[in-house]
Amino acid sequence: MSYVKGLFHGTGTLLTGLKVTFKEFFTPKVTEQYPENRATLKMYDRYCGELTMPHDAEGHNKCIACGLCQTNCPNGTIRLVTEMVTDPATGKAKKRLVRYEYDLGSCMFCHLCVNGCPTGAIRFTTKFEHAVFTREKLVKQLNR
Amino acid sequence: MFDFSIITSWVHGLLTSWMPEGLAIFLECVIVGVCLLLMYAVIAIVMIFMERKVCAAFQCRLGPMRVGPWGTVQVFCDVIKMLTKEIIAIRHSDRFLYNLAPYIVILASVLAFACLPVSRGLEILDFNVGVFFLMAASSIGVVGILLAGWSSNNKYSLIGAMRSGAQMISYELSIGLSILTIVVLTDTMQFSEIVERQADGWFLFKGHLPALIAFVIYLIAGNAEVNRGPFDLPEAESELTAGYHTEYSGMHFGLFYVAEFVNLFIISGVAATIFLGGWMPLHIPGWEGFNTVMDYIPGFVWFFAKAFFVVWLLMWIKWTFPRLRIDQILTLEWKYLVPIGLVNLLLMVIVVVFKLHF
Chain A
1 MSYVKGLFHG TGTLLTGLKV TFKEFFTPKV TEQYPENRAT LKMYDRYCGE LTMPHDAEGH
61 NKCIACGLCQ TNCPNGTIRL VTEMVTDPAT GKAKKRLVRY EYDLGSCMFC HLCVNGCPTG
121 AIRFTTKFEH AVFTREKLVK QLNR
Chain B
1 MFDFSIITSW VHGLLTSWMP EGLAIFLECV IVGVCLLLMY AVIAIVMIFM ERKVCAAFQC
61 RLGPMRVGPW GTVQVFCDVI KMLTKEIIAI RHSDRFLYNL APYIVILASV LAFACLPVSR
121 GLEILDFNVG VFFLMAASSI GVVGILLAGW SSNNKYSLIG AMRSGAQMIS YELSIGLSIL
181 TIVVLTDTMQ FSEIVERQAD GWFLFKGHLP ALIAFVIYLI AGNAEVNRGP FDLPEAESEL
241 TAGYHTEYSG MHFGLFYVAE FVNLFIISGV AATIFLGGWM PLHIPGWEGF NTVMDYIPGF
301 VWFFAKAFFV VWLLMWIKWT FPRLRIDQIL TLEWKYLVPI GLVNLLLMVI VVVFKLHF
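In order, the protein sequences belong to chains A and B.
Position 138 of the first sequence, counting from 1, maps to 138 under our numbering, and the rest follow consecutively.
Position 315 of the second sequence, counting from 1, maps to 315 under our numbering, and the rest follow consecutively.
One or more of the hints may lead you astray.
What the hints assert, rightly or not - Sample of chain A residues facing chain B (criterion: CB under 7 Å; computed from the structure):
#: 1; residue: L18
#: 2; residue: T21
#: 3; residue: K29
#: 4; residue: V30
#: 5; residue: Y34
#: 6; residue: A57
#: 7; residue: E58
Stated by the list, open to error - Every beta carbon over 12 Å from chain A, so not counted as near; a handful from chain B, in silico:
#: 8; residue: G68
#: 9; residue: V216
#: 10; residue: H283
#: 11; residue: F304
#: 12; residue: I317
As the list claims (entries may be wrong) - Covered stretches of chain A (in silico footprint by chain B; criterion: 3 or more residues with CB under 8 Å from a CB of chain B, positions within the stretch not fixed):
#: 13; segment: 22-28
#: 14; segment: 97-108
Quick caveat, the hints were computed from the structure, so don't treat them as lab data.
Glycine residues also receive a C-beta, built at the ideal position from the N, C-alpha and C atoms.
With the hints as extra help, turn the sequences into a complete structure.
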């Protein structure tokens, strides 16, 4: 009795598997054909391509030059050049960003800089075509 | 339906008109042999391409796309690569058997391939015990696999070959029983005759329930017979590297590879011939217009369409199920397929005796 039951049960489960693959056979394929589809290629939002510092319309960024990203970075990828200026409104001394250097060549895309940033001044974009001929070209200045 | 024997008899007449008959027949044999091997190679290439594409589709991929449009030239490149690779002689291997084994496998495959009736008048080996001959010829292949495993001086090869032997010899039985079920229905073993009898309905429909059970058993056993799908124990990659052909390289490996794929085609071709009517077009009684339209499609198109449909079914099975263990394989055969096959044979005898078929 259990023989016959097992036979039909087994056939049923096999048919379930066949149904799954049959559906899969006709679903649109997920393969990306990269160089051909550059125009339409859409990377996933969470993909980490390169670090950027967004600027608004007047060319201001949100960086307060606190240096958290620089200390957070395990690889020493980020280097901040800062200067002290006196704020004309309050008259207090304040740190200001001069250069924000980011070395793409030693970045391991861990997101620690972005997670640590108190103002959300930096974020990762999904741009991934980074190939250049010398390492110097990978060192980028992010602020304008 | 176009009769190819017009062409073949025209060639025969042409040759005998200016040479003695013995020489003419010899020459025809050579031509037929060359055509057969050519078709063998072409089908192997088509099958390998189809395997890669179908496998990709089942895994939600596209498969080869780079070489040629839709990757069509990919397999030709692979063949050229295979042809130019070195055939390595393994130290302490049995040199003679080691080199002989792939040829035995390919010989069995070609012999079985020659039995397939492709179209009307396009049968190469066609005599009154054709089904018998096909089964005998196709089981020579297991000898080649056993020899390959034995002569390689490699434990993985040997284990693979032994598994293969156990598996193929067991499943031969189920194939035999399911074919025998249809032979009971047709009372002939000649392939051309089997196809002729299906002019008014394929055996899958004529034999209804027992034929359907036989068809399913045949597909399962056929998949096991060609060492594919969930039954690819002899070459279980994760356990035995590549099984019996681990030590083979270059074209000797290529012969195993090609033979495996054409064996799959042969299994499908036989399934198409004895269950799905071979080169007979689809006829639905009563629909005269439909039937005449179907008659205009040439026989070989029907044959290849059916055969490749069955190939697709087998690939579907292969890329769905995980591999079975050796004891599960033998349990499936001896405790399920053989008893069911025997009962099914009895059922078919009852159906034939009491004329319950269509």
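Each hint tested on the structure:
At a threshold of 7 Å, the smallest CB-CB gap from A/L18 to chain B is about 6 Å, leaving the interface hint in force. Here the hint on A/T21 is kept, as its CB sits about 4 Å from the closest CB of chain B, short of 7 Å. Annotation: interface hint on A/K29 holds; nearest CB of chain B at approximately 5 Å, less than 7 Å. Hint status for A/V30: holds, given a least beta-carbon distance of 5 Å to chain B, under 7 Å.
Against a cut-off of 7 Å between C-beta atoms, the interface hint on A/Y34 is violated, since the closest Cβ of chain B lies about 11 Å away. Here the hint on A/A57 is broken, as its CB sits about 43 Å from the closest CB of chain B, past 7 Å. A least Cβ separation of about 47 Å between A/E58 and chain B goes past the 7 Å threshold, and the interface hint is therefore violated. Against chain A, the non-interface label of B/G68 holds: every CB pair exceeds 12 Å, the least being about 14 Å.
Annotated as non-interface, B/V216 brings its C-beta within 12 Å of a C-beta of chain A; the closest such distance is 9 Å. Distance to chain A confirms B/H283 as a non-interface residue, since its nearest Cβ pair spans about 28 Å, more than 12 Å. For B/F304, the condition that its CB be more than 12 Å from all CB atoms of chain A holds, with the nearest at approximately 21 Å. For B/I317, the shortest C-beta to C-beta distance to chain A comes to about 7 Å, within the 12 Å cut-off, and the non-interface label is violated.
Proximity of the segment 22-28 of chain A to chain B, defined as three or more residues with a beta carbon under 8 Å from a beta carbon of that chain, is established by the 4 residues found. Counting residues of the segment 97-108 of chain A whose C-beta lies closer than 8 Å to any C-beta of chain B gives 0; at least three are required, and the coverage claim is violated.
Against the hints set out earlier in the document, violations occur for numbers 5, 6, 7, 9, 12, 14.
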